[in-house]
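I would like the entire structure built from these sequences, with the hints used as guidance.
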Amino acid sequence: MKILNFIKYFMKEFLSGVASLLPNDIVSVKLRVFVLRICGFKLHNDVLIYRNVLLIGNVEVGDDSSISNNTTISGGSSGVYIGSNVMIGPGCCLVAFDHGMIKSGVPMIKQAVVGAPIHIDDDVWIAANSTVTKGVKIGVGAVVAANSVVINDVEPYSIVGGVPAKLIKYRN
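The numbering of the sequence shown is my numbering, which starts it at 1 and goes up by one.
Warning: the hint list may mix true and false statements.
[Unchecked claim] Between beta-carbon pairs, the in silico distance windows are:
(1) 27 with 171: 48 to 54 Å
(2) 116 with 34: 27 to 33 Å
(3) 151 with 17: 18 to 24 Å
(4) 72 with 34: 30 to 36 Å
(5) 12 with 116: 20 to 26 Å
(6) 23 with 153: 34 to 40 Å
(7) 72 with 101: 18 to 24 Å
(8) 4 with 113: 22 to 28 Å
(9) 147 with 5: 37 to 43 Å
(10) 172 with 107: 29 to 35 Å
(11) 98 with 147: 36 to 42 Å
(12) 1 with 98: 19 to 25 Å
(13) 31 with 163: 34 to 40 Å
[Said to hold, decoys possible] Heads up, simulated DSS-like pairs for lysine-lysine below, C-alpha to C-alpha not over 30 Å straight-line:
(14) 134 with 169
(15) 137 with 166
(16) 42 with 134
(17) 12 with 166
(18) 8 with 42
(19) 134 with 166
(20) 42 with 30
(21) 110 with 8
(22) 134 with 12
(23) 134 with 8
(24) 134 with 30
(25) 110 with 2
(26) 103 with 137
(27) 103 with 134
(28) 30 with 12
(29) 110 with 134
(30) 30 with 8
(31) 2 with 12
(32) 137 with 169
(33) 169 with 110
(34) 30 with 103
(35) 137 with 110
(36) 12 with 169
(37) 42 with 12
(38) 42 with 103
Calculated directly from the structure, the hints in this document are not laboratory data.
On a predicted model such as this, the values are computed, not experimentally measured, just so you know.
Don't be surprised by glycine CBs; every beta carbon is placed ideally from N, CA and C.
And the structure:
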């Protein structure tokens, strides 16, 4: 049984890795989504996933959403849930867990991982090179400015930016 699980895991990693290397023409983008669905990711209708996107763990993407080049989305066991009509720019990183660091006498690499789901509502734009950390909820219609680090929830229809991301203004 362990060998079967290893083979299944290896094939999932191999197929998703090969799919990530395909070019960004429309046929390859559709093929990439098809392969990632076979690998077990929940990708709804008309999802676009571009080159060098890495999906790990529990990840679900809603209808008509787009994930641009060189983005990593790691749901671990907690999950990353992305709504419909969401745009995630290039170079983004969404990770639903942190390494343990509470016990000062224990090396961090040996501490338990701490996870919490990430929820991104519909009609959200996460601009290039932004990071979203564990436990964050981004409300409907929100915008995350480029190069931001989101460590707290984002209100609906707000525009946030910076490190850490703070409210800039609300959309009209």
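Consistency of the hints with the structure:
no. : hint                     : verdict
1   : 27 with 171: 48 to 54 Å  : 35 Å, violated
2   : 116 with 34: 27 to 33 Å  : 31 Å, holds
3   : 151 with 17: 18 to 24 Å  : 30 Å, violated
4   : 72 with 34: 30 to 36 Å   : 21 Å, violated
5   : 12 with 116: 20 to 26 Å  : 24 Å, holds
6   : 23 with 153: 34 to 40 Å  : 37 Å, holds
7   : 72 with 101: 18 to 24 Å  : 21 Å, holds
8   : 4 with 113: 22 to 28 Å   : 25 Å, holds
9   : 147 with 5: 37 to 43 Å   : 39 Å, holds
10  : 172 with 107: 29 to 35 Å : 50 Å, violated
11  : 98 with 147: 36 to 42 Å  : 20 Å, violated
12  : 1 with 98: 19 to 25 Å    : 31 Å, violated
13  : 31 with 163: 34 to 40 Å  : 36 Å, holds
14  : 134 with 169             : 24 Å, holds
15  : 137 with 166             : 14 Å, holds
16  : 42 with 134              : 19 Å, holds
17  : 12 with 166              : 38 Å, violated
18  : 8 with 42                : 17 Å, holds
19  : 134 with 166             : 17 Å, holds
20  : 42 with 30               : 14 Å, holds
21  : 110 with 8               : 27 Å, holds
22  : 134 with 12              : 24 Å, holds
23  : 134 with 8               : 27 Å, holds
24  : 134 with 30              : 29 Å, holds
25  : 110 with 2               : 24 Å, holds
26  : 103 with 137             : 27 Å, holds
27  : 103 with 134             : 19 Å, holds
28  : 30 with 12               : 18 Å, holds
29  : 110 with 134             : 19 Å, holds
30  : 30 with 8                : 23 Å, holds
31  : 2 with 12                : 15 Å, holds
32  : 137 with 169             : 18 Å, holds
33  : 169 with 110             : 41 Å, violated
34  : 30 with 103              : 45 Å, violated
35  : 137 with 110             : 28 Å, holds
36  : 12 with 169              : 42 Å, violated
37  : 42 with 12               : 14 Å, holds
38  : 42 with 103              : 36 Å, violated
The structure shown violates the earlier hints numbered 1, 3, 4, 10, 11, 12, 17, 33, 34, 36 and 38.
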